Amino acid sequence: MKQFVQASRQKRRVLVVDDEMINRELLEAILALNYDVTSASNGSEAMDILNSMDEPFSLILLDLLMPQMSGFQVLEACKSDDRLKKIPIIVMTSEKSAEVRSINMGASDFIPKPYRMPEVILARCERIVELSEEKQLIHSIEADPVTGLYVSSFFFAYIRRMLSNMRLAMDAAVIRIEGLERIRRQFGAKESDCVLQTVADLISRELIKTKGLACRTADDEIYVYCRHKTNYEELLGNMQRLLSQAFPTYGLRLQAGVFEKADKTVPIERWFELAGAACDNIDENDLTHLYNSIEVPRRISGKLLAAELQTAISENRFTIKFETCCTLDSGSPSPVSVQAKMVWNHPVLGMLEPERYMPPLEKEGVLCQAEQFLLRETASLLRSRIQGGARPLPVWITCSCARTLKAELPRIEAQLPDAPGIIVPLFSEEALACDDEAADILNSLAQRGYQIAVDNFGSGNTNLKTLAALPVSILKTNASLAASAQTPEGKKAVGLTLQIASALGVKAVFGGVETEQQLEALRALGCTELQGGLFSDGKELP
Amino acid sequence: MLTIEKLNEFGADTKEGLGRCYNNEALYLKLVKMIPAEKSFDNLKAATDAGDLDAAFEAAHALKGVLGNLSLTAMYDKSVEITELLRNRTQMDYTPLTTELLSMRDELAALCAD
Chain X
1257 MKQFVQASRQ KRRVLVVDDE MINRELLEAI LALNYDVTSA SNGSEAMDIL NSMDEPFSLI
1317 LLDLLMPQMS GFQVLEACKS DDRLKKIPII VMTSEKSAEV RSINMGASDF IPKPYRMPEV
1377 ILARCERIVE LSEEKQLIHS IEADPVTGLY VSSFFFAYIR RMLSNMRLAM DAAVIRIEGL
1437 ERIRRQFGAK ESDCVLQTVA DLISRELIKT KGLACRTADD EIYVYCRHKT NYEELLGNMQ
1497 RLLSQAFPTY GLRLQAGVFE KADKTVPIER WFELAGAACD NIDENDLTHL YNSIEVPRRI
1557 SGKLLAAELQ TAISENRFTI KFETCCTLDS GSPSPVSVQA KMVWNHPVLG MLEPERYMPP
1617 LEKEGVLCQA EQFLLRETAS LLRSRIQGGA RPLPVWITCS CARTLKAELP RIEAQLPDAP
1677 GIIVPLFSEE ALACDDEAAD ILNSLAQRGY QIAVDNFGSG NTNLKTLAAL PVSILKTNAS
1737 LAASAQTPEG KKAVGLTLQI ASALGVKAVF GGVETEQQLE ALRALGCTEL QGGLFSDGKE
1797 LP
Chain D
708 MLTIEKLNEF GADTKEGLGR CYNNEALYLK LVKMIPAEKS FDNLKAATDA GDLDAAFEAA
768 HALKGVLGNL SLTAMYDKSV EITELLRNRT QMDYTPLTTE LLSMRDELAA LCAD
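For the protein sequence lines, the chains are X and D, in the order given. If you're matching positions, the first sequence starts at 1257 in the working numbering and goes up one per residue. If you're matching positions, the second sequence starts at 708 in the working numbering and goes up one per residue.
It is worth saying that the hints were derived from the structure and are not from the lab. Computed from a prediction, not measured in an experiment: that's the story for all the values here. For every residue, glycine included, the Cβ atom is placed at its ideal position computed from N, Cα and C. Hints are supplied without guarantee of correctness; some may be wrong.
[Stated by the list, open to error] Not the full set, but computed from the structure, chain X residues with beta-carbon under 7 Å of chain D:
hint: 1; residue: Ile-1278
hint: 2; residue: Glu-1281
hint: 3; residue: Leu-1282
hint: 4; residue: Ala-1285
hint: 5; residue: Leu-1321
hint: 6; residue: Pro-1370
hint: 7; residue: Tyr-1371
hint: 8; residue: Met-1373
hint: 9; residue: Pro-1374
[As the list claims (entries may be wrong)] Only pairs whose alpha carbons sit at most 30 Å apart, straight line, appear in this in silico DSS-like list of lysine-lysine:
hint: 10; chain 1: D; residue 1: Lys-737; chain 2: D; residue 2: Lys-752
hint: 11; chain 1: X; residue 1: Lys-1352; chain 2: D; residue 2: Lys-746
hint: 12; chain 1: D; residue 1: Lys-752; chain 2: X; residue 2: Lys-1352
Start from the sequences and build out the full structure, keeping to the hints where you can.
Encoded structure:
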């Protein structure tokens, strides 16, 4: 790839500055092999050439001892010019003291006089040019083009680098722009980019100034790492005022959550999770909020939960409860199966129902770990019950990944000889949606005698094609249907569900039944299989 | 006509000098021929005669550079000697040294002229 890029490029330009013609000729002869060489015989001529260049120079070879404008003066002039300072400069000198001085002034390297062998000079030039180009490449990819702030990967990398020597107290903040999305939808990305740019500038001026970093995240939040402050409300107030002046009709509101004195005792990514949680807790009339560990964050962070999952498992923080599923065939509800659910006793967030922790875990890609644990625990429980002489009802277990289930099967079937039948996998739409492998797994499960159940039927993205193609035997609806069963729309939905189930030749189970009214409404519509809190207090395995 | 052999006799390290030119003999000889015309020789003499050691140092330094690059060893060594004395602005009579250097220049000029 590199060779391709090099070959396809024109010769790079080099400027040689030396008052001695012999030296210029010599260098030109040496460099002409690889470069397009321009010469200047004194400092002012060099500056003229540089200031009027159309094609940029890749390198300057600069003699230090020149009459009138000395090499040092040229070096100084270049490094203080925004456009020229990127061009690497190699100074040529035979004075040791000049070497260090020129490096300190920004020279990239020096070539002593008399010159080394041409191969050495060429190699040094190549290397310096390469280094300089790589540095410029990094600069061009490390920043977000709209705001000029860092891209998050570089942001975190730079923080890590700064941390080892950091002696100042620094804060981590998350800045949100309320209304940005609305502006984008109404007026387009160009306008919302404008807003973002303005906010980024304000942040640079008010919060970062001389020390600190900021980046723009994929969600259009801005993460800031800045010196510890105690007047965020005031600073944000200034920023808000200026923002409203710049965009008077947009109704934008800034929000800042701050995690104070962020340091190595907490992992870096977590700083911004906590700052984000603080942002969630901003009061109506404020612009800012400081993170307070005693407050319960209203938003549950997937990343935190994912990180804590294994510990929670090993510390026995999960309790398995069972919700009964009943049939109405014989008139009054009688249990036919149970669904196993795991409640997470979280040290900070309290008791988390599966509906609260499963979506965040799924987003982080670790839900299958939790499900695997549930499967194993349930299997053990069942095994000991069976060994004790009981005949347990079938247990439904949610499964978001067919592969995980497949991997667990050998163990399950070894523990529970009646496994197909006792264990009923309840697949989420994600589990079904994916690919041929999932379809193969499901087909083989069906062949082995497993009942295949589909969860949340009708409330998500259930793909009818998939449904028709897979060996599904049970459709389970969720609480939203049971809750609306008494409304006209709800009734219609329930009716449709029953019809689809009948057309497919499968069973329909209505979940989330909590009240007698819901039970009767569903019964009246012809539902026979119901599940939910109404039928059990969800404690033990019946 | 100037040749490599003559330069070797003169005291140049032509192998090294040619090396710097990628063994381009024509280039090397062309550059060597420019040496006698170097103004710095006369500048050096004038400056030392006038006692302007700053100007003299600059001239000596410039000569040192080009003489070294072309590996005109004998002249280079002489110029180094002068440069180091001038670096410290040593007060002395530079005439013997400059005369010697300039006569080497003249010898080279003669070689080039042939």
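Status of the hints after comparison with the structure:
With a cut of 7 Å, the hint placing X/Ile-1278 at the interface with chain D holds, because the nearest CB-to-CB distance is about 4 Å. The beta carbon of X/Glu-1281 is positioned within 7 Å of a beta carbon in chain D (closest approach about 6 Å), and the interface hint is therefore held. Annotation: interface hint on X/Leu-1282 holds; nearest CB of chain D at approximately 6 Å, less than 7 Å. Nearest Cβ of chain D to the Cβ of X/Ala-1285: about 5 Å, under the 7 Å cut. The hint holds.
A cut of 7 Å between beta carbons decides the hint on X/Leu-1321: the least distance to chain D is about 6 Å, and the hint holds. Interface hint status for X/Pro-1370: upheld, as the beta-carbon distance to the closest one in chain D is roughly 3 Å, under 7 Å. With a least beta-carbon distance of about 6 Å to chain D, the hint placing X/Tyr-1371 at the interface is held under the 7 Å criterion. Using the Cβ-Cβ criterion of 7 Å, the hint placing X/Met-1373 at the interface with chain D is satisfied: the shortest such distance is roughly 6 Å.
Given hint, X/Pro-1374 at the interface with chain D, holds; its Cβ is 6 Å from that chain's nearest Cβ, closer than 7 Å. Restraint check for D/Lys-737 and D/Lys-752: satisfied, since their Cα atoms lie roughly 25 Å apart, inside the 30 Å limit. Between X/Lys-1352 and D/Lys-746 the CA atoms are separated by roughly 26 Å; this keeps the pair inside 30 Å, and the hint holds. A distance of roughly 26 Å separates the Cα atoms of D/Lys-752 and X/Lys-1352; the hinted pair therefore holds under the 30 Å criterion.
Violated hints: none; the structure is consistent with every hint.
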